[in-house]
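Novice: Take the sequences, apply the hints, and build the full model.
There are 2 protein chains.
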Amino acid sequence: MWRNERYESVPLDVKGIDEDNSKGTRDSLHPQTLRKTRQSEERPKDSNLWPYFQDGLRRIDYVLTYHVQKPHSARKQKSRSCCLSRGRNRTSSPARDDPELAAQEQRLDYHEDDMRLRRDEFEENLREMGLEIEKEEGTKIPGVGFVKIHAPWEVLCREAEFMKLKMPTIKKYEVSHGSGITEKVNMFMQKVTAPLQPKVVDSRTENEKHLSYAFSREKRHLFDLSDRNSFFNSKTRSSIVYEILKRTKCTRAKYVMGISSLLGSGVYTDAYPLHDGDIDGELAETNDRKILYEEWASYSIFYKYQPIGLIRKYFGEKVGLYFAWLGVYTQMLIPAAVVGVIVFLYGCATVDDNIPSNEICDERNNITMCPMCDRACSYWKLVTACGTARASHLFDNAATVFFAIFMALWATMFMEHWKRRQMRLNYVWDMTGFEDTESHPRAEYEFHVMKKSLKKEQSPKAGNVKLTCTDRMPAYMTIIVMMIFLIFVTLVIVFGVVLYRVSIMTALHMSSTPTFRTNIRATVKTTGAVINLIIIIIMDEVYGAIARWLTIMEVPKTDKSFEERLIFKTFILKFANAFTPIVYLAFFRGRLIGRPGKYIYVLGSYRMEECAHAGCLMELCIQLCITMLGKQLIQNNLFEIGVPKLKKLLRRRKIDKKHQEELNKTLHRHEKDHFLGPFVGLNPEYMEMIIQFGMVTLFVASFPLAPLFALLNNIIEIRLDAKKFVTELRRPIAVRAKDIGIWYTLLRGLSKVAVIVNAFVISFTSDFIPRLVYQYMYSPDGTLHGFVNHTLSYFNVSHFQPGTEPLQPLHLGYRVDVCRYKDYRDPPWSDTPYEFSREFWAILAARFAFVIVFQNVVMLMSDFVDWLIPDIPKDISVQIHKERNLIVELFMKEERGKKHRNTIGDPSPQPLRSRPSSQA
Amino acid sequence: MWRNERYESVPLDVKGIDEDNSKGTRDSLHPQTLRKTRQSEERPKDSNLWPYFQDGLRRIDYVLTYHVQKPHSARKQKSRSCCLSRGRNRTSSPARDDPELAAQEQRLDYHEDDMRLRRDEFEENLREMGLEIEKEEGTKIPGVGFVKIHAPWEVLCREAEFMKLKMPTIKKYEVSHGSGITEKVNMFMQKVTAPLQPKVVDSRTENEKHLSYAFSREKRHLFDLSDRNSFFNSKTRSSIVYEILKRTKCTRAKYVMGISSLLGSGVYTDAYPLHDGDIDGELAETNDRKILYEEWASYSIFYKYQPIGLIRKYFGEKVGLYFAWLGVYTQMLIPAAVVGVIVFLYGCATVDDNIPSNEICDERNNITMCPMCDRACSYWKLVTACGTARASHLFDNAATVFFAIFMALWATMFMEHWKRRQMRLNYVWDMTGFEDTESHPRAEYEFHVMKKSLKKEQSPKAGNVKLTCTDRMPAYMTIIVMMIFLIFVTLVIVFGVVLYRVSIMTALHMSSTPTFRTNIRATVKTTGAVINLIIIIIMDEVYGAIARWLTIMEVPKTDKSFEERLIFKTFILKFANAFTPIVYLAFFRGRLIGRPGKYIYVLGSYRMEECAHAGCLMELCIQLCITMLGKQLIQNNLFEIGVPKLKKLLRRRKIDKKHQEELNKTLHRHEKDHFLGPFVGLNPEYMEMIIQFGMVTLFVASFPLAPLFALLNNIIEIRLDAKKFVTELRRPIAVRAKDIGIWYTLLRGLSKVAVIVNAFVISFTSDFIPRLVYQYMYSPDGTLHGFVNHTLSYFNVSHFQPGTEPLQPLHLGYRVDVCRYKDYRDPPWSDTPYEFSREFWAILAARFAFVIVFQNVVMLMSDFVDWLIPDIPKDISVQIHKERNLIVELFMKEERGKKHRNTIGDPSPQPLRSRPSSQA
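Residue numbers (our numbering), protein chains in the order written: chain A, 1 to 920; chain S, 1 to 920.
The hints are all genuine.
Interface residues of chain S toward chain A, partial, derived using beta-carbon atoms under 10 Å: (1) 130; (2) 182; (3) 432; (4) 759; (5) 832; (6) 835; (7) 836; (8) 838; (9) 843; (10) 845; (11) 846; (12) 849; (13) 852; (14) 855; (15) 867; (16) 885.
Derived lysine-lysine pairs resembling DSS-like cross-links, with alpha carbons at most 30 Å apart: (17) S:246 to S:318; (18) S:172 to S:419; (19) S:738 to A:560; (20) S:381 to S:525; (21) A:166 to A:874; (22) S:893 to A:164; (23) A:249 to S:893; (24) A:647 to A:290; (25) S:219 to A:171; (26) A:557 to A:318; (27) S:166 to A:164; (28) A:166 to S:898.
FYI, nobody ran anything at the bench for these hints, they're computed from the structure.
Just so we're clear, the structure is a prediction, and the values are computed from it rather than from any experiment.
For glycine and all other residues, C-beta sits at the position ideal for the given N, C-alpha and C.
Specialist: So, in structure tokens, the structure goes:
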């Protein structure tokens with residue numbers, strides 16, 4: 001095994017000194033001292049596989065990898081150090097002998113050398129910061145060099161102090177669980193939910209909590225430093241190292257700071273912390289990853305709570321918050337799904353009592369309707385629409401309005417519940433008081449700034465160059481044009497599908513085969529929806545790629561702003577993509593058809609689509625159903641399970657098959673992790689959920705089963721994501737976060753839009769308002785009897801435009817003089833034939849009034865709920881207050897102790913040094 | 001001068017030691033050391049008047065006062081210390097000789113003794129905490145004892161560390177003012193606004209800022225401690241003392257913690273920090289108070305910016321934020337006022353081109369209107385309504401809609417602008433990272449808890465008693481009932497005023513004097529509005545008192561929750577009080593009148609009020625104008641200037657007149673401040689402004705001059721409040737705050753409500769929608785010609801209910817068969833006479849549609865503006881990031897220095913002790 005002696009950070013003589021005075025001045029635990037501590041613990045059998053340096057003592061906290069394209073030249077300089085690497089010459093040989101490639105090679109060589117110099121400087125700087133480094137080049141995995149980084153105790157302490165990490169102190173205090181009734185309820189709930197709790201030590205029932213305080217070396221006596229190895233856990237260690245990596249400069253790359261720019265310019269290929277251990281295999285040591293695998297990432301325990309504390313401990317706060325959010329969302333979907341199912345069942349139960357559909361199905365009414373299409377279609381009897389009328393009652397009944405209001409309040413409750421949960425987690429995770437800082441500029445940004453400053457080298461203030469609006473204007477313009485174009489594309493696609501349906505419909509109508517005819521509507525609807533679905537899924541990927549490309553073009557300054565801009569663009573595009581067909585169905589289909597004798601035609605001769613007699617709600621429902629189910633099934637199965645598997649397979653394929661098996665067994669932790677997929681952020685996960693949230697809330701008035709579908713999907717989704725995080729991906733860098741950031745804003749925005757959309761769905765898409773108006777204004781007996789007749793206007797067949805009258809006017813067996821159509825217009829015999837009637841305007845006013853009332857009442861109720869539920873749970877705010885008092889008390893006690901010691905002549909305490917290191 | 005030796009906190013021998021080793025172990029600056037420092041500065045001539053202890057050295061940081069009801073008995077115990085007090089026996093003599101009062105006296109005596117014991121214990125505890133105390137009883141002001149508190153350096157440092165006060169460090173850095181254009185614009189703006197800047201040293205132009213860091217004794221080398229007297233300014237010192245006062249226990253009063261409960265139970269009567277100095281008088285030392293008086297609290301500099309930095313330095317962040325907010329609000333009112341005036345002028349300019357009012361004024365149209373009241377009134381010609389029609393065009397024109405949208409966006413801009421300003425102030429004031437903590441329970445709350453725990457002494461867990469919902473239920477019920485009742489009272493009052501108007505109107509109509517008749521409408525409108533105004537002002541005070549009473553009954557736990565609940569109740573009541581008459585005018589008046597032949601009557605025979613022909617907008621406008629002007633003038637002049645003056649006079653009256661003059665000259669600072677009014681919080685100020693904000697935004701569509709009135713008022717208001725704070729009130733305790741708290745929520749709520757209210761005002765109160773509908777649907781030539789005729793329906797006079805037809809049907813000189821009235825109803829000759837016509841429903845639908853469009857478009861635009869403007873100004877976020885990096889850099893440098901010193905054998909630094917105290 002190859003090891004670079006040069007990177008041994010601590011000179012041996014210093015070590016010798018250290019060994020002599022273990023109570024000495026230096027606080028870091030050096031290898032030798034460490035060994036002593038560790039020897040008492042049981043050691044893993046095969047220490048090779050553990051994430052330690054070659055000495056088996058210093059933990060690898062972080063790994064950087066780089067390309068070793070030409071091991072021969074790269075290793076020339078470093079020939080001093082040799083050389084147990086087994087397969088290192090295997091891949092590098094082909095490039096050497098080809099004469100054509102020689103020049104190119106030289107260029108590459110220069111490039112390679114430059115890279116190496118930068119690496120050397122960067123690593124030198126890292127060691128300057130106190131990190132310890134071990135290098136390993138192309139041992140088992142050819143072409144890849146590893147830089148293993150270890151942060152010694154001293155560095156950890158220093159950085160923890162800078163980062164103001166809150167760490168648990170020795171001082172414990174009792175957590176009050178509320179008094180009397182609250183406590184009893186809590187106890188009861190705990191007992192009931194006990195079987196639902198995952199089996200992890202981090203239990204929620206503990207009654208004591210360690211007081212936390214921002215770590216500071218001067219206050220080290222507050223902390224329990226008896227086990228320095230576990231005081232900072234692996235997640236904290238890696239995030240500390242990452243903090244240093246971000247900050248460390250590499251002057252060779254001018255204007256460029258930190259690891260992100262080095263990654264950006266390809267000096268390093270990857271940077272990742274290591275997983276804690278294996279999830280399976282013979283070596284059955286317990287580690288957090290394994291516990292997570294068993295108690296979280298398994299479908300068999302889908303009914304259990306997630307071990308959020310452990311997830312956070314292992315992956316950091318940001319990932320922890322995502323899963324906590326997903327958990328809360330899924331949990332909140334349960335009541336929504338139950339109510340949704342009840343509403344649906346209510347529809348089923350009342351379908352026989354529904355007067356309008358009974359009237360439609362009643363043969364005796366004998367209403368003759370105007371033809372559905374020009375020429376080919378003929379008059380038809382309303383009774384044939386009986387089936388759809390009955391079906392649409394399932395989704396269009398009085399309970400729907402209730403459900404829409406319920407879901408609007410549900411959304412508010414969900415947001416509130418999440419805010420509280422987030423606050424609670426912040427408290428439990430000691431994140432209160434954490435402030436997110438603006439991060440360093442991105443590599444691309446600095447590259448552009450550099451280019452710009454090179455251009456205006458003459459100007460005196462070259463140091464203070466930044467990208468202004470003027471520089472970004474071309475990018476902004478492109479973005480705006482592209483976004484508008486893409487949304488236009490979405491609209492065109494929807495219109496295309498409409499045309500497809502219209503033309504197919506016409507074609508089918510013209511065919512004389514009767515079996516065709518009967519299945520016409522169903523066929524067209526279903527194929528239309530499926531085509532829509534396929535287009536949505538394809539365009540989803542396309543739009544995602546375009547959004548990323550546009551954001552890169554924009555050159556945002558920081559990672560945070562990059563992320564936000566990307567999310568924003570992706571959200572708009574994906575949202576438009578998913579919802580345009582639905583919005584068309586809900587609000588435009590069947591509105592712009594004109595009237596018999598004066599239909600509206602598109603592209604010459606196609607009449608616009610009409611809805612079925614009972615309104616478009618039914619079709620909206622089918623579309624929603626297919627989109628939700630299809631999207632979730634296909635995207636989950638294909639993209640989330642299939643593609644990563646495929647990628648992993650491909651990555652492994654690069655290595656010879658035969659060696660793979662044996663390699664697998666002897667691979668080190670950092671090599672194993674190298675084969676895992678890189679962590680690409682939580683955004684795709686969040687995005688998927690947000691679109692789903694949109695489906696659940698936006699058109700819930702038309703599809704009460706949406707929450708149920710979402711619930712079923714999410715139960716799988718949680719475990720799927722868990723599996724991915726635990727087994728498929730490299731360990732993400734633990735990022736501290738107090739909230740879910742922009743996603744909360746998007747959720748809030750969606751739940752606001754949902755109110756108005758649902759108001760419009762109820763008042764315009766469903767027949768709720770016309771029924772209501774009929775019942776209270778026109779009905780002779782206050783019931784819905786006669787409603788169907790009231791909604792139908794009269795048309796005198798002699799007023800057909802020439803050439804549009806049906807070819808078979810006697811299709812029904814009798815001569816038709818007057819046919820009926822669904823609209824509120826004056827009859828042909830009035831003074832103003834075919835004008836909108838007084839009923840039309842009255843119902844329109846009622847529809848609008850309902851929208852206003854619904855929107856404002858629901859918004860008011862939401863705001864009221866928002867106001868009623870405090871953002872910070874009562875017990876948490878009490879607890880935070882208590883903690884603060886405890887800390888002041890602790891310090892006051894300390895002060896007094898100090899004073900006391902002073903007065904009795906004790907030598908003054910020397911907080912920094914005098915603590916006996918025996919405590920450690 | 002009487003002085004209690006017992007309260008000399010530092011024993012003399014310790015002082016002696018201190019004097020010997022001024023470089024010794026103790027860090028506090030003791031009187032002797034202090035004297036040395038101070039002697040170099042110039043001393044005030046009459047040090048008596050300065051806020052120092054008797055030794056003239058230790059500053060008084062805080063004063064507590066208490067009653068000395070019976071000096072003879074109270075002083076019996078303390079006879080040891082005597083006795084230069086001049087007027088001390090004057091007030092106490094009457095009580096002694098009366099035999100009847102003896103028993104009562106004894107009881108009082110006991111009570112007094114108890115009080116004294118509590119005081120003694122509390123003060124003992126304070127000294128335990130390190131504070132130094134000097135007592136003074138009834139010297140110049142009889143019956144009042146003063147406890148003067150001084151916080152020595154050591155205590156200040158300790159508490160500053162606990163409170164995590166951010167203090168400026170030695171390290172300076174350059175503040176970048178943006179690059180290129182931004183900088184130039186800034187420079188230009190600074191030059192332009194230079195004459196508007198107040199003349200204070202705290203200038204905004206400085207290019208350097210001291211890096212701030214949370215004060216910590218271990219990091220003391222970071223701070224410039226060369227002048228210990230000015231390192232913590234008087235505001236900080238007093239807030240530190242207040243912090244200790246809040247925390248210090250007094251076990252005699254069980255369960256009771258801190259000064260607030262002692263104040264609550266009357267142990268102390270007052271607690272206040274001292275003003276910095278006099279504002280006038282011969283002793284013309286410059287002090288912050290004087291600067292504030294000259295450069296802020298003066299009407300003559302109304303056009304200048306406020307010295308916000310100095311205000312904050314003197315009064316603390318909370319007061320600073322109030323004035324900053326008021327300043328931003330006033331500043332933002334300028335554009336609103338300008339646009340409002342332009343809109344009004346547009347109305348004036350176009351009044352002659354307005355077709356509808358010209359048609360009304362055109363004698364040739366000769367339209368006969370139905371009578372305005374039963375029997376007494378007769379038919380009238382529309383041309384007589386010419387004046388009001390023309391006047392109402394001033395407020396009801398196309399520009400009004402634009403102005404309503406403008407003001408909705410203005411409100412959003414204002415909120416955004418304030419958020420940014422707040423953020424900037426937070427940065428400048430080093431408040432970033434400050435977290436508001438839950439404060440200690442209120443005295444009343446603890447008293448109630450004590451009572452409850454006494455009741456259930458048997459229960460085992462008496463320690464953990466708190467007020468539960470059950471305990472509070474009676475109070476909650478009372479509050480709900482009272483609130484509903486009070487709102488009902490408001491409605492009744494409004495209805496009463498309506499009845500007054502209706503009855504007066506009828507009475508005046510019946511009188512036959514023609515001069516009366518002509519002035520009827522104007523008289524009734526004006527008297528109605530004035531009565532409304534008077535009621536509003538009276539009820540405002542009543543409701544304020546009731547809200548306070550209700551909140552006290554509720555027994556909220558902390559001061560913060562008390563304040564929030566009080567504000568909430570007061571807001572609801574005062575808001576309902578101020579706006580109910582306006583809402584009635586805008587939306588209900590003239591809607592519920594029925595139609596000719598079928599009028600709606602209230603209380604037997606009173607027909608409901610009708611609006612003038614051109615809509616109610618005119619009357620709404622008059623009402624708003626009178627309310628705004630009257631409320632501001634009366635409340636400002638009477639309540640804000642008059643009442644405090646009166647109170648001050650009364651307080652001074654207690655002392656003999658003749659001595660007053662001479663006393664005035666020799667009074668100490670703490671005695672002078674004792675005569676000032678107590679600071680009662682900012683809530684009344686905020687409340688006044690919020691109601692005004694409501695007036696400005698809610699009905700702005702009907703009264704575009706509202707912003708102008710508000711602007712004029714606020715320019716005065718700022719200086720008025722400033723004068724009050726500087727001269728009339730005791731110095732408030734400096735409270736740290738990051739934002740204006742609940743007020744922001746209320747402002748946000750108001751600006752949301754404003755959108756919907758304005759939408760309704762435009763669509764229902766004004767004639768905007770009917771005009772639009774007429775123009776695009778019914779007008780033969782696309783203009784408004786014929787609009788007046790279109791809005792009038794026909795009534796056949798033979799359909800009058802018996803007994804309601806006019807007594808003088810021939811009043812106009814001809815026989816009337818058909819009269820006209822303003823409504824959209826079918827004519828008598830149609831199939832459905834007097835039913836609402838198709839036009840009615842069409843216009844209603846248009847009105848509702850407009851509300852939906854307006855509300856959602858404006859809300860969307862507001863949200864867009866909100867999203868577009870980042871909450872944290874770009875330069876501030878850059879600055880904060882820079883500061884953070886600088887601090888890490890500073891520490892890293894320090895670390896390296898330390899390491900270096902370690903390696904070259906330098907003795908380890910002892911941060912706590914080794915700093916040479918010569919630095920101080």
